[in-house]
Each structure stands twice: as C-alpha cells, then as structure tokens.
Amino acid sequence: MPIPESEVRWVHPPQLGLWEQLYLPAVVEGLKTTVRHLFSPKITEEYPEQEPKLPPNYRGVHRLNRDEKGRVKCVACYMCATACPAHCIDIVAAPAPPEWQADGREKYPETFVIDELRCIYCGMCEEACPVDAIELTTLYDLTGYTREEMIFDKEKLLSVYDYTVQAGTDPVRTRAGRLGPASEPANTSVPPSPTPSTVARLTIHAPTSSSPSHTQKTTPDIQPPRHAPDH
Amino acid sequence: MPAFDLQLVVVFIVALLAGALGLAGYLVLSERKIAAWIQDRKGPNRVGPWGLFQPIADGVKMFLKEEVIPAHVDKVFYILAPIVSVSTALLALAVIPFGPTVPPPAPVALAEGSSPAEGLTEFLQRQAEYRQHTSFLLAPGLDIALLYVFSLGSLAVYGVILAGWSSNSKYSLLGCLRASAQIVSYEIPMGLSVLGVILLAGSLNLEKIIDCQTRDGPYWFILFQPLALLLFMLSLYAEDNRLPFDLAEAEQELVGGYHTEYSSMKLGLMLLAEYVHLVISSFLVTVLFLGGWSLFGLENLLGQTPWAAVIKVLVICGKMLFLVFFAQVIRWTIPRFRFDQLMNLAWKVLIPLGLANLFCVMGVLHWGLPWVTLTVTSILLLLGAGYFASRWRGSVSVVRRKVVPLPPGVPPGVTFAPQR
Chain A
1 MPIPESEVRW VHPPQLGLWE QLYLPAVVEG LKTTVRHLFS PKITEEYPEQ
51 EPKLPPNYRG VHRLNRDEKG RVKCVACYMC ATACPAHCID IVAAPAPPEW
101 QADGREKYPE TFVIDELRCI YCGMCEEACP VDAIELTTLY DLTGYTREEM
151 IFDKEKLLSV YDYTVQAGTD PVRTRAGRLG PASEPANTSV PPSPTPSTVA
201 RLTIHAPTSS SPSHTQKTTP DIQPPRHAPD H
Chain B
232 MPAFDLQLVV VFIVALLAGA LGLAGYLVLS ERKIAAWIQD RKGPNRVGPW
282 GLFQPIADGV KMFLKEEVIP AHVDKVFYIL APIVSVSTAL LALAVIPFGP
332 TVPPPAPVAL AEGSSPAEGL TEFLQRQAEY RQHTSFLLAP GLDIALLYVF
382 SLGSLAVYGV ILAGWSSNSK YSLLGCLRAS AQIVSYEIPM GLSVLGVILL
432 AGSLNLEKII DCQTRDGPYW FILFQPLALL LFMLSLYAED NRLPFDLAEA
482 EQELVGGYHT EYSSMKLGLM LLAEYVHLVI SSFLVTVLFL GGWSLFGLEN
532 LLGQTPWAAV IKVLVICGKM LFLVFFAQVI RWTIPRFRFD QLMNLAWKVL
582 IPLGLANLFC VMGVLHWGLP WVTLTVTSIL LLLGAGYFAS RWRGSVSVVR
632 RKVVPLPPGV PPGVTFAPQR
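One line per chain: the protein sequences are A and B, in this order.
Residues 1 to 231 in my numbering are what the first sequence spells out, letter by letter.
Residues 232 to 651 in my numbering are what the second sequence spells out, letter by letter.
Chain B with its partners taken away, still in its complex shape (with noise of 0.2 Å):
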C-alpha cells in the first residue's frame, strides 16, 4: 500500500463528509427557494432569518419521525435500498478535487540502456516528489478517477432497484422500472461524452484533466467541446432523476415512484444521495470542462501561498454552486419528458451524437490539427442534427409509417387487414 498522511486523510474524510452532508441540506432549502422565486414567491423564511435554519428543522424532523417498515415489504432489501443509495454517492467523493490540485507524475519510460532498477528509482522518486505537494482530493494519483465515478454511477441503480421491488406496490414497481432504465440508459451517452475529454487529456485522472486545461493557457475544454457539455449535462440531469427527467418521480404520474413507500430517515438518506449525485456531477463538470479551480490564470497572481490554496477552493466550490443553481432553474424551465421521448432521446440522439463527437476527436488527434477544429465541428455536429431532424418526417418518438392503401373489398377503418 503506497504511504500517505493519515492525518491529512482523516482531516479531508471529515471535512468532505460535512461538507457534502451539509450542502447537501442546504441545497435543499436553496431548491425550494429557487423554486419560489420562480413562482414569485418566497419560499420557507419563518425557520430561521430568511429561512437558513429550515434544513436544520428538516433534520430533525427526520430524524424524529416514527420509523415505520411496512409489513408488506421485503425487509432486508427494503432497509438496503437507502444504504446502498446513500454510500454510493458519497464514496465517489473520494475522488473529487475541491481545491489545487498537482498532477500525478507520468508513469517512467525505460530507455534503451536502463535496467528496471533504475527505472524503479526514477518512479520512487517522482512519486515521492508528487506527495510533497497537497492535493485537495481524498485520494489523490488515482489514474482511473473517472472510470471509478461511473462506475458508482452504475452502482447506484442497484439502491433505485431495491427500492421500488422491496416495495411491493405498483407505483413504486414502475417507477423504479422506468428509473432504472432510464439511469442505465444514459450511462451510455454520459461515457461516450466525456470520452473526447479524456482523449483530449490523455487520461482518466481528474487531476491530469484540470493540469491539461490549465497548463498553457485557459484552454477549457468548454472551448473544444461544446457539444460534448452539452450531451454530459443532458446525461447527468437524466441520471440524477432531475426534471426535465423525473418521470420516474414524478407526483403527478407516480405518487412517489420507487420511494412511495419509504418515511423518516430512509427517505432522508435516498433524498440525500440524489442531492449528492447533484454535487458530485456539478463537480465533474466544473472538472472536466470547466478548468477546475482556474479562474483564467488569475489564481496564480497570489502564488503557492495558502491564500492562494483558498482562493482556488472557492473557485471551484463557486463553480460547482453555480452549476447546481443551473439545474434547479431549469427544473422549472423545461417540461416534463415522457418516457418513450426520454429513450428515444438517450438511444437515437445523444448516442450517435456522442459517437460522431468521438470521431472528430479522433480524427483531430490523428492527424494532429489544431483543437480549434474541435470547436467548429461541435457546432457543425449540431447543426447537422438539427437539419436532419428538420427535413426528417416525422420526429424521434412519433415514426411516420407509410400509409398503405387498402385492398378493395376491406371496409374503410380496419387496420389489421391481411395483406395479400
């Protein structure tokens, strides 16, 4: 097991779990306050001055509830459900950095002469010059950062799927049906979105990425992937169950979808892991595309002193909040999906979209033209889409069918006529 600071750790592991936990109740009130002023009207402000003490209020409201399990339910999975949930989203925040980062050393290339044992000390020594530096992560110089983030992704349909079968009710049976193919679904677009990113970087490592961005200059990959932003957050939303994408929560279809039947704590814990799949994605974003903690070159002004370590946090918690705000105003900007448009959109627009995008990353890389070509084939990308679907009759969900005539002798309106 490779050293590290077990202090550091367990002030990181802390500070990561309050801070999560607690943003996590206070975007619940900033949701509902959002959403009022949407409505123009104020939202909860009796708890506390303008409301701040209405998360607390949630709390311990959850937490004094009656735990009430249903005698109807499948108790072990029915008690799982909200843990698997809940520990899913918060151990993907193990690879999340929340401040300055350093980029992990570059595996050793043995040149022709060396043997392996200097080879070996070339990479002892690099890794030891690397943990010198803090990186605000919980588990720096993890090369499959990424992969590890979707990979809980896809753990987290487990807790949707417990949920809704241990439940034993209809609502919840099609709500975690539909949720679940819907989570499984945009997994698909979500990779082959960021793919062109992790091209463009060269790894998985979230670290590399913002270094890779970073670097030269504020080359933010929003600049060279538009398109591929666009298809991520589309993607997120959808794996969030955030509308326009909640069909599978939604009150007016479902009652509660796949938590109908959970109360008290349970629901607080699956209530707490969607908000932190919200943070957690708005990171990402903030990561992948944004530039981290970079604030186009202005955070270097203050050099390697601990402000500027603060500065550069805020930076990127300031991102973060911003994108998560973008989602709860879009909450209420765009309606409601049903569900074939959902599939069809994740199947037979953001898939091939997220393919062609590929392509075009591939192709830049091969040939080695400038990243600016990337910029221009997004929007080209989309544009093509959109006059595609334009000139295509019919559209994504509803397929025009040719109408056959029929054969003389069948009556008007008969649909099912043998063909002869």
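Bound-form chain A, shown alone (with noise of 0.2 Å):
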C-alpha cells in the first residue's frame, strides 16, 4: 500500500560542526578516558587468593541443622523432598528414639539424602522447612571425584554444619519459627508477636569458637550442647 506523502519523515544525520568534524578533538577525549582507565585501580578478584565475599543467603551446599541438644531438627515431614523440583531429596522417616520423645519429637529422618549432583540449588527446600532444619549454605566449591561421593547422606549433611558453624560463615537462619517443639524462636531484635510461646529461649547458635567435639562419630545425630544458652 502506498504511503502518504505527509506520513514519510526524512531522518537525516546530524550535522557535524568544525570541531567534531576534525575528529583529533573527539579522538583525544577518547584517549583522556582509556588512559585514565589504564592507572585505575583494578576489580579483579584473584582466585584463589582472594576469595569471593558471598551475601548471606546465597545457595550453595545444602546442611541439616542441629538443635541446642545436639540432635538433628528435621521432622521427617518431608516438605523439602516435596517441594524440590528436581527430586533430590530421599527421606525415610522413622520413630524417634524414646529419649527424643520426651522432649515431643515424634518423628526423626533415619536417612536423609541429597544428591548434590541432582540439585539445582534454587533453595525451595529450605523456604519449604517449618523448623529450619534444612539450609543451604555459602560454601561454593564443592568437588568430588566420583560420583558416589557427591550423593550426600544424613552424616555428611551434618557434618556440614559442624563445619560452617564453626567456620564462622553461616550463622543458623530462623524464621522466628513458631512450629513444634524443634524449631527456635527468632533472635533478632523484633519484639516477639504476642503468641504464647513456651519456648522463651533466646538461644543464639551465634558461630563460637568453642572445642570442636565432633570426632565422636558413635552417635552422629546427638552430640553434647556446645554452647550454653545466653540471656
């Protein structure tokens, strides 16, 4: 179909001056620019050397959480394995020990696997918990020779949060959860909600430096209290 006359608009480049026109003025602001750039200090990060800062909640290496007695938290729910997309987690869920079931744990995961090649590392798992047992955490470089070994059980999950709780790096995140027994109430400064919570305790899984007691491996699940609740 024919276009209008009045419809066309004649776009045209714009019209250089003298100064532009020599194109040296142009081609020196350029230079002005590169070599500024050429004695600026550099953002490269050096790896190995230097290793990434990580924000707090990035997604890396998936870990079970313990309780302030040392047992594991997870309730054997089964929420993450639902949740997760790329079906990587494998519970089997069983009785708690009797001693468990005085402090009103019904359930406990007698295997918990994740198959760290599987999973995506998008994080449903942990949104999905209700009492913060699973989290993932800023470790990155997660290597392996086989691919056995990268199939991750309940010892090594644990084993996992031995380590970054020592480390340092990742401080346990709660949700201030209000959910059964195994969960914590938060530890922020937010004034509590007005919920009848009997669990008062505002223990802090703050990273100390305490004694490393891992090396019993007898009983992975219970380890003694490491730490002493501070008001």
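There may be inaccurate statements among the hints.
Claimed, not checked - Listed next, with one range per pair, are the computed distances between beta-carbon atoms:
no.	chain 1	residue 1	chain 2	residue 2	range
1	B	604	A	50	53 to 61 Å
2	B	280	A	117	35 to 43 Å
3	A	43	B	364	48 to 56 Å
4	B	252	A	9	52 to 60 Å
5	A	55	B	257	36 to 44 Å
6	B	252	A	30	26 to 34 Å
7	A	117	B	296	27 to 35 Å
8	B	604	A	36	33 to 41 Å
9	A	24	B	430	20 to 28 Å
10	B	338	A	24	35 to 43 Å
11	B	318	A	9	52 to 60 Å
12	B	412	A	46	42 to 50 Å
13	B	302	A	155	52 to 60 Å
14	A	24	B	374	33 to 41 Å
Because the hints were derived from the structure by calculation, they are not lab data.
In this text, a Cβ means the ideal position worked out from N, Cα and C, and glycines have one as well.
Starting from two chains that each stand alone, build the complex the way the hints lay out.
Written as structure tokens, this is what we have:
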C-alpha cells in the first residue's frame, strides 16, 4: 500500500560542526578516558588467593541443622522432598528414639540423602522446611572425584553443619519458628509477637570458636551441647 | 658486490631476528595486559611473575598443537600464505636502523676538468670512509631503503590473499577480499604522506633522513609535517589490520577473517607477521618523524664512546615501544570503522590531504621558504578539511542525494519511476 507523503519523515544524521569534523579532539577525549582507566585500580578478584565475599543468602551446599541438644532438627515431614523441583532429596522417616519423644519429637529421619549433583540449588527446600532444619550454606566450591561421593547422606549433611558453624561463615537462619518444639524462636531484636510461646529461650546459635567435638562419630545425631544458652 | 664485514652482518642478523621475534612474542603479552588494564582488570599474571612467561607458554602451545590441514583447502597456497606473510615482514627488518647511524656519502659530482678515473677514486675513498663507521643497520647504504620497505608491504598483501583464497570458506574469502582491498587502498596515502618527508630530506635512505633531522639541531619532521604524521599513522594502522581498521579480522563480523581456517604454527606465523609489521611501522614513524636515535641533542654528551651507541639504541627502541603501546591503547579507544567508511576515508580524505601536503612541500622547496611555513600549512590544511566537511551537506560515506519530486500521478513511495 503506498504511503502518503505526509506520513513520511525524513531522518538525517546530525550535522557535525568544525570541531567534531576534525575528529582529533574526540580521539583525544577518548584517549583521556582510556588512559585514565589504564592507571585506575583494577577490580579483578584473584581466585584462589582472594575468595569472593558471598551474600548471606547465597545458595550453596545444604546442611542439616542441629538443635541446642545436638540432635538433628529435621522431623521428616517430607516438605522439602515434595518441594524439590529436581527430586534430589530422599528421606526415610522413623519413630524417634524414646529419649527424644519426651521432648515432643515424634519422628526423625532415619536416612536423609541429597544428591548434590542433581540439585539445582534453588532453595525451595529451605523455604519449605517448617522447622528450619535444612539450609543452604555459602559453600560454593564443592568437588568430588566420583559421582557416588557427591550423594550426601545424613552424616555428611550434619558434618557440613558442624563445619560451617565452626567456621563462622553461616549463622543459622530461623524464621522465628513457632511451629513445633524442634524449631527455635526468633533471635533478632524485633519484639516477639504475642503468641504464647513456651519456648522462650533466646538461644543464639551464634558461631563461637568452642571446642570441636565432632570427633566422636558413634551417634552422629546426638551431640553434647557446645555452648550454653546466653540470655 | 661491495665488501661487507661478514661477522658483523651475521651478528646483526641474529640480533635482529632474535630481537624481533622475541619482541613480537612479548608484544602479544603487552597487548593483552594493556587491553586488560584499560578494561579495569588484570591481564595474564599466572604463568610467571606478572605473566612474563606467558609468551613462552603461547609459543610452546603453538609448537605442540596438532597440525591440521583441512581437506577442503588448496594445500600449496594454504601452506605458502603464512610463509609469504612472515618472510616479507622479516625481510623489511633489513633496512630499519635500530641504533646510531652515519649517513652514506653523497654521489660524487664530476667537476669540469676531472676525468672519470678521478671521480671513481673519490667515490671509492668516500665509500671506504663510510665503511669505517658502524651503522646499526643490517644493510647500510641502501639508497632506496624506504621504497624497499613499502614494496615489501605491498608483497605482504599476497599472504592475505593466498590465505583467504586457499581456505575455501566464505568467512575467509570475504575477510581476505576486504583485507586486500583495504591494504591496497591504504598503500597510496602511506606513500603520499611520506613524500613530503622524502622531499625535505632529499633521499629515500633512512640514515640520511635521520641525519637531516639531527644535523643542525632537533629539527624533527614532526614539527614540519604534523599532518603527514597523522596520515602516515592512520595508513599504517590500516595496513596492519589494527583497530580501528580491523574489519577484515573482526570476530564479531567474520569469525576470524582470512585466518579462520588456520591453527597452531601457521596461525602463529600469521599473527607474528602482524606484530612484526607493527614493530616495523613504529620504527618507520620513529625514523621518519621523530628523529630516530636523537634525544634533543643529549645523546652527543657521551661523544663516540660505546656508551653513546648504547644510549642511542635505547632511545630509538624506547620511541618505537612508545608508539607500539600507543597503537595498542588506540585500539580500545576508537570504535571500528565500517568497510565503506574505511574505503571512503582512504580515497576521499587521506589521498587529497596527502596530495595537498605534497604540493605545500613542493612550493616551500621551490621558493625556498623557511620550513616553518610547512607547520602552518599543515594546520591550515587540517582545519580547512574540517571546515569543508562541516559545511558539506552529508558526510563522506553517506552522500546526500537530491530529493527529486515525483512526477504527478505516481503514488508516493515509488523509487524507480521513469523520469519523463
């Protein structure tokens, strides 16, 4: 269809003046920028001498948190396994040992296996967990020689917890958990909401350099408490 | 054949080859480091302290890579192309001065009554006296030195053409066509811009040109021919396929251009030829415009001692390195020229300016005007060209065409209506 003349707009490149048409002043301006960058500080981060500073919500390797008695927090509710888009979490639930039942713990995971190679590190499991048992840490340099050793079972995940809490890089994140006795109340300065909480402990799993007691491996779930609650 | 000192020549050959090839390797490193620094990052710094062993790693890699000759190439020319590139580049090193030089004697003018025999003895005497001095040149006394360098540059086009044509691939073919057109077009402004210098010095011999600049004081030709320096440097960048004129090998456009199908040592040789061209270009600019080994007369303080020779070698190589680094910084300063802009620049801008500059030099020499007139005319030419371009509707590459009103009865939007 022919276009009417009134609807045609002729566009021309802008007319350059004498100063611009010489092109040399523009080149000199460009050289000033280039040479300024030549001598300015460089932003390269030289790995592995300089490790990157990761934000606290970085989604790295998973860990299973322990409660203040050293037991695994997970109650084997299968929320994380259901939420996982990659289907990499495999849990077998079992009734908790009798001494746990006294504290109100009914179920615990007999086996808890995450295939770290299948995982897409989306963090859905962390968001789904009602008791803040599973978290993604800031460990990013996960390597292995075989595929089998990259399938983490419960002991391995708990050892990741021990490692990161000792290293002090990942404080345990809680969402002011009010669901169930295995979760912990908020430890921020926000005033607690007016829900009747019998668990009024202000236990902060703050990273302290307390004595490493991860050498005993007979009962990996249960560990003696390593730091007294501080109010 | 004139007599020459075989030992000295062999030493110079070894020194030049080792120096040029080693320098080319380290120029690759400096290119990467300078590129990185300009982009706010550090360059290669893992292989040695500050990455100084990186060229060795690159060289070892080139040697140890598998020699792949694709089945679809024309084998003879495929292997010949890097040979041509490298040999023409290295042959040009023969006449480049890299240290103190002494100008060869002028031709003997026979007086009225003297016989040719007397003239011959005079000539032989002068030549013998010239041979006493050690000029830091592989082939001293070559009176057509500059022409030799330019002709080798023209032969280097064959390397590009053979590489692209024998590779039998569309990227290589397009790249080689563009590159050869570009190189051939920029040969003309390259020659024109130095014609002024040649006329002022009176010779094509590089030693005589240096002597003309240093004889009566620091009268470097950059003072008298700044426009020619600008044109020469632009032409050299275009000859070497360096940015802003590297469309023929730009990865965004043509994968690799004419060296797409090359790998390992063949590619290494072609890249080496590029860097040797850059070194030779920088040496030429130093010798022709920046006074060669002179440093405003300071180099005469040490007289004729060997230390003076060392200082002069350092001065000329320092100037050459500065120009090389300048080329490497310019690469990241100016955006790439489109091919038609490139060709228009050569034919419509550089050649007219070069010719105008040549006419100015001819006028100054004919009427014996002081040479400072040339500085004024150079600046006036540049400003005049800028003024002319700013007043001219349209630009060099986009020619403004007159808008012809369509004849009545023809619907709008028709572009090829018969004009009756």
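Status of each hint after checking the structure:
no. : hint                      : in the structure
1   : 604/B / 50/A: 53 to 61 Å  : holds, 60 Å
2   : 280/B / 117/A: 35 to 43 Å : holds, 39 Å
3   : 43/A / 364/B: 48 to 56 Å  : holds, 53 Å
4   : 252/B / 9/A: 52 to 60 Å   : holds, 58 Å
5   : 55/A / 257/B: 36 to 44 Å  : holds, 41 Å
6   : 252/B / 30/A: 26 to 34 Å  : holds, 32 Å
7   : 117/A / 296/B: 27 to 35 Å : holds, 33 Å
8   : 604/B / 36/A: 33 to 41 Å  : holds, 37 Å
9   : 24/A / 430/B: 20 to 28 Å  : holds, 25 Å
10  : 338/B / 24/A: 35 to 43 Å  : holds, 41 Å
11  : 318/B / 9/A: 52 to 60 Å   : holds, 57 Å
12  : 412/B / 46/A: 42 to 50 Å  : holds, 44 Å
13  : 302/B / 155/A: 52 to 60 Å : holds, 57 Å
14  : 24/A / 374/B: 33 to 41 Å  : holds, 35 Å
Checked against the numbered hints above, the structure breaks none of them.
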